[in-house]
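Asks: Here is how the chains run, residue by residue.
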Amino acid sequence: MSRLLKSAQAGTVESTDILIMLAPADPGAGITVELISPTMQQYGEHIKNLIIKTLASYGVQDAVVHANEKGALDYTIEARIRTAVMRALS
Amino acid sequence: MMFAPGNNPAMLQNAGIYGADSIIFDLEDAVSIPEKDAARHLVASALKHFKYPCEVGVRINHISTPWGRDDLECVLASKPDFIRLPKGETADEIKLIDEIISEAEEKHGFAAGSIQMMTAVESPKGLRNAYEMATASPRMMALAIGGEDFVTSLKTTKTKGGRELFTARSMLVFAAREAGVDVIDSVFSDIRDEETFIEEVKLIKELGFDGKSVVNPRQINLVYQVYTPTDKEIEYAQKVLAAYREALERKSGVISLNGKMIDAPMITRAERVLAYAAAVGAYRKEEAL
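Going line by line, the protein sequences match chains A and W. Under the numbering used here, the first residue of the first sequence carries the number 352, and numbering increases by one thereafter. Under the numbering used here, the first residue of the second sequence carries the number 3, and numbering increases by one thereafter.
In short, the hints are calculated from the structure, not lab data. What you are looking at is a predicted structure, and each value in this text was computed from that prediction instead of being measured. Warning: the hint list may mix true and false statements.
What the hints assert, rightly or not - Within a straight-line C-alpha distance of at most 25 Å, the following computed BS3-like cross-link-like pairs (lysine-lysine) qualify:
1) A:Lys404 to A:Lys421
2) W:Lys207 to W:Lys162
3) A:Lys421 to W:Lys38
4) A:Lys404 to W:Lys81
5) W:Lys160 to W:Lys204
6) A:Lys399 to A:Lys421
7) W:Lys109 to W:Lys38
8) W:Lys50 to A:Lys421
9) W:Lys109 to W:Lys53
10) W:Lys50 to A:Lys404
11) W:Lys253 to W:Lys234
12) W:Lys234 to W:Lys262
13) W:Lys160 to W:Lys207
14) W:Lys97 to W:Lys127
15) W:Lys97 to A:Lys421
16) W:Lys38 to A:Lys357
17) W:Lys81 to W:Lys50
18) W:Lys38 to W:Lys97
19) W:Lys253 to W:Lys241
20) W:Lys97 to W:Lys109
21) A:Lys399 to W:Lys50
22) W:Lys262 to W:Lys241
23) A:Lys404 to W:Lys53
24) W:Lys97 to W:Lys81
My request is simple: use the sequences and hints to build the entire structure.
Replies: Have a look at this one:
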């Protein structure tokens, strides 16, 4: 399990990117995802699940995520989460 | 070889569609210092998710910088086809990266020796050691010249005809040919000036370069235009090889075409012309005379 030490962000609001803002949450609070996306209806659930799954792969169980998505593909979302986690852990 | 900035999702995901022979995702000059980590994560993710239609390399930050080792550790897990080192100056740098790649190949279960390397020469010291670098590892597939940095280190400026780089380019071709690796020319950054770009591609082809680095997809077809042999060149190469085959059948030691003697180097050049033509789809082997 990884505990986030501080808030961190990664990515941009450019087209095909996603801006991830990651903040620590109390132990046991779980992961809360607030998502802004132009494709919320079609891909909103998929993006939220991908964010939670990617955080879990780095052992993050408690976090608050604000995500501003601009048409990012999965590989970008995974990479931006990775960067945000590494920055929040350092 | 087309460069794509490593922290730009749109360019990474579209890089394969333009017809370049090779793509290089750049973690060095195209990425600001605060975004070095983000770029290497994005490049590693792109390499895992996409199957590109050509070879894909990563230009890491120099191994002596605070980012070089982290770049390697991150992107090698996604198995790029090759690593490009900028500002190569010594064989020891090449050997060090070779060792890091070997460890990563073993750690991730990749075939030993499957990730290649190349380096850019961007200083007089690098040029002096070019042959030693090219032969420092069996992974080395090419040398390149980084024109902007090289010109700066010479305390001169770039000219339209490239006079200031003539000696360096020629010496790099000598080193690459002696070492048996490819040699790739520098980028030409003014994408609007197609006329000068084409002149530069013609020059480096004449000097013996195998190809050119480009910074924009618009430049790819221009490089192909210059490097594709003309119909006349293809026809002549076919005639040379036909005359050679005929002489072999007659067991004749003397080969001539239209009264001109054909010798071994001309045959090698004819084979190279047809190989280039075949590589760009301008010739098929069954078209042999």
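Asks: Give a verdict on every hint.
Replies: Here's how the hints hold up against the structure:
no. : hint                 : result
1   : A:Lys404 to A:Lys421 : 20 Å, holds
2   : W:Lys207 to W:Lys162 : 16 Å, holds
3   : A:Lys421 to W:Lys38  : 22 Å, holds
4   : A:Lys404 to W:Lys81  : 23 Å, holds
5   : W:Lys160 to W:Lys204 : 17 Å, holds
6   : A:Lys399 to A:Lys421 : 14 Å, holds
7   : W:Lys109 to W:Lys38  : 24 Å, holds
8   : W:Lys50 to A:Lys421  : 21 Å, holds
9   : W:Lys109 to W:Lys53  : 22 Å, holds
10  : W:Lys50 to A:Lys404  : 17 Å, holds
11  : W:Lys253 to W:Lys234 : 28 Å, violated
12  : W:Lys234 to W:Lys262 : 17 Å, holds
13  : W:Lys160 to W:Lys207 : 19 Å, holds
14  : W:Lys97 to W:Lys127  : 17 Å, holds
15  : W:Lys97 to A:Lys421  : 42 Å, violated
16  : W:Lys38 to A:Lys357  : 20 Å, holds
17  : W:Lys81 to W:Lys50   : 8 Å, holds
18  : W:Lys38 to W:Lys97   : 24 Å, holds
19  : W:Lys253 to W:Lys241 : 18 Å, holds
20  : W:Lys97 to W:Lys109  : 18 Å, holds
21  : A:Lys399 to W:Lys50  : 21 Å, holds
22  : W:Lys262 to W:Lys241 : 12 Å, holds
23  : A:Lys404 to W:Lys53  : 23 Å, holds
24  : W:Lys97 to W:Lys81   : 19 Å, holds
Checked against the numbered hints above, the structure breaks hints 11 and 15 and satisfies the rest.
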